[in-house]
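Build out the structure end to end from the sequences listed, making use of the hints.
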Amino acid sequence: MSTILFVFSRPPHGSINAQEGLDALLMGSAFTTCSVLFVGDGLMQLVAGQSTDDLGTKNFSLSFGALKDYGVTRIACSKPDLLARGLNKDDFLIEVESLNAAAMQAFIRNHDKVLNF
Amino acid sequence: MIVHTINKVSALGLCNNLIAEDDKVVLLEDGVYLGLQPLPFLVFAIRFDVDARGLGGLLAAHTESIDYSDFVRLCAEADKVCSWF
Amino acid sequence: MNFAIVVHGAPYSSEACLSALKFAKAVLASGHSINRVFFYHDGVHTANSLIAPPQDEAPVSEQWQEFGTGNNIELIACIASCLRRGILDETEADRYEKSGSNLAPGFTISGLGQLIDASINADRVVTFGV
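Chains as they are written, first to last, in this note's numbering: chain A, 1 to 117; chain B, 1001 to 1085; chain C, 2001 to 2130.
Derived by calculation from the structure, the hints in this document are not laboratory data. Quantities reported herein were computed from a predicted structural model and do not represent experimental measurements. Note that the Cβ used here is the ideal one computed from N, Cα and C, for glycine as well. Check each hint, because a few of them may be wrong.
[Claimed, not checked] Now the stretches of chain C that chain A is said to cover, found in silico as 3 or more residues with beta-carbon under 8 Å:
1) 2020–2033
2) 2066–2077
3) 2104–2115
[Said to hold, decoys possible] Calculated lysine to aspartate or glutamate pairs in the DMTMM-like style (CA-CA distance at most 20 Å, straight line):
4) Lys2022(C) to Glu2062(C)
5) Lys2025(C) to Asp1023(B)
6) Lys2025(C) to Asp1067(B)
7) Lys68(A) to Asp23(A)
8) Lys1024(B) to Asp112(A)
9) Lys2025(C) to Asp2094(C)
10) Lys2022(C) to Glu1064(B)
11) Lys2022(C) to Asp1067(B)
12) Lys2022(C) to Asp1070(B)
13) Lys1024(B) to Glu2062(C)
14) Lys2022(C) to Asp1023(B)
15) Lys2022(C) to Asp1030(B)
16) Lys1008(B) to Asp23(A)
17) Lys1024(B) to Glu1077(B)
18) Lys2022(C) to Asp1051(B)
19) Lys1008(B) to Asp1023(B)
20) Lys2025(C) to Asp1070(B)
21) Lys1008(B) to Glu1077(B)
Rendered as structure tokens:
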């Protein structure tokens, strides 16, 4: 069965794109082998300590903790984009692999389909 | 070979280090403005979007204007399509 | 070759849904097939039957309806995206006790599983994002 790589590139809360992307990933992992790659401002979805009580949007970041339980195979982010934002992996809610450009290209090549959000 | 589509100038920043040497880039919508400058990839631009924006004579020499049928052919020849927006 | 097409953009707010239609027509004209078109995010606005554009602007939603119906291609609008944005068929309008339904003919409201199923079973997936 086709494997799917989900690529998340939007920051959370400013639009619903990130949340609807995560919904698609959770659905995908119920059907087939899925992995996720965070690039650009998509990395900001993973930042720990998001608190949306006063904003009134859903704090869907809490769902990232369940990705492994849903069977999402690999969770990775762009190392150049991590460094460009002055972040390190300790700033994230969950454990994430950081990949250099060549590793990201291989990650994309190794999946049958790519869904971008 | 992977076809990467780019539909806006800012989206190049998401993917410029993910495009491998033998990949192809299709510029569409506002992404065609990227076709004005030489890019280090094999670059195609959707002609409808190029013409609509008056860019016909302004594309960089290596940006090839294509129709939707060419776009479909490139997708069929590729292993997969990756869309950046 | 079999294509799945994913549309994230609303008509008029973005070019995505127009680009996707041109691509879809070219897929069929090239002798390929389309297993499903999945409208997600703001793309579900394409399925709103109440859109009434000025006469000198392309009726993008109607063009999609004609394309889907004329070629017997499934046009699926994601249910979660639809409900958030007020695109309802009669069943959902009744369920949520809303004053009316507005799903355009030719479109079907269904779940995200349809996106995954289409992606798995197609030879190529092409997303038109915003």
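Cβ contact check, 8 Å cutoff: the region 2020–2033 of chain C against chain A, three residues minimum: Per the Cβ count (0), the hint is violated.
Proposed proximity, Asp23(A) with Lys68(A) (alpha carbon, max 20 Å): Judged against 20 Å, a Cα distance of about 15 Å means the pair holds.
Distance restraint between Lys1008(B) and Asp1023(B), which requires alpha-carbon spacing of 20 Å or less: 19 Å, holds
Given hint Asp1023(B) paired with Lys2025(C) - CA-CA distance at most 20 Å: Violated, because 25 Å separates the two Cα atoms, which is more than 20 Å.
Distance restraint between Lys2022(C) and Asp1051(B), which requires alpha-carbon spacing of 20 Å or less: 15 Å, holds
Agreement of Lys2025(C) and Asp2094(C) with the hint, judged by alpha carbon distance not exceeding 20 Å: The hint is violated at about 35 Å.
Distance restraint between Lys1008(B) and Asp23(A), which requires alpha-carbon spacing of 20 Å or less: 25 Å, violated
Annotated coverage of the region 2066–2077 of chain C by chain A, confirmed only when three residues or more have a Cβ within 8 Å: Coverage by chain A is violated for the region 2066–2077 of chain C (0 residues, Cβ < 8 Å).
Straight-line alpha-carbon gap Lys2025(C) to Asp1070(B), limit 20 Å: Given pair Lys2025(C), Asp1070(B) holds - Cα atoms ~12 Å apart, limit 20 Å.
Restraint status (C-alpha distance of Lys2022(C) to Asp1023(B) at most 20 Å): 23 Å, violated
Cβ contact check, 8 Å cutoff: the region 2104–2115 of chain C against chain A, three residues minimum: With 4 residues closer than 8 Å to chain A, the region 2104–2115 of chain C meets the three-residue bar; holds.
Lys2022(C) paired with Asp1030(B) [C-alpha distance capped at 20 Å]: Roughly 16 Å separates the two Cα atoms, so the pair holds.
Hint violations for this structure: numbers 1, 2, 5, 9, 13, 14, 16, 21, all remaining hints satisfied.
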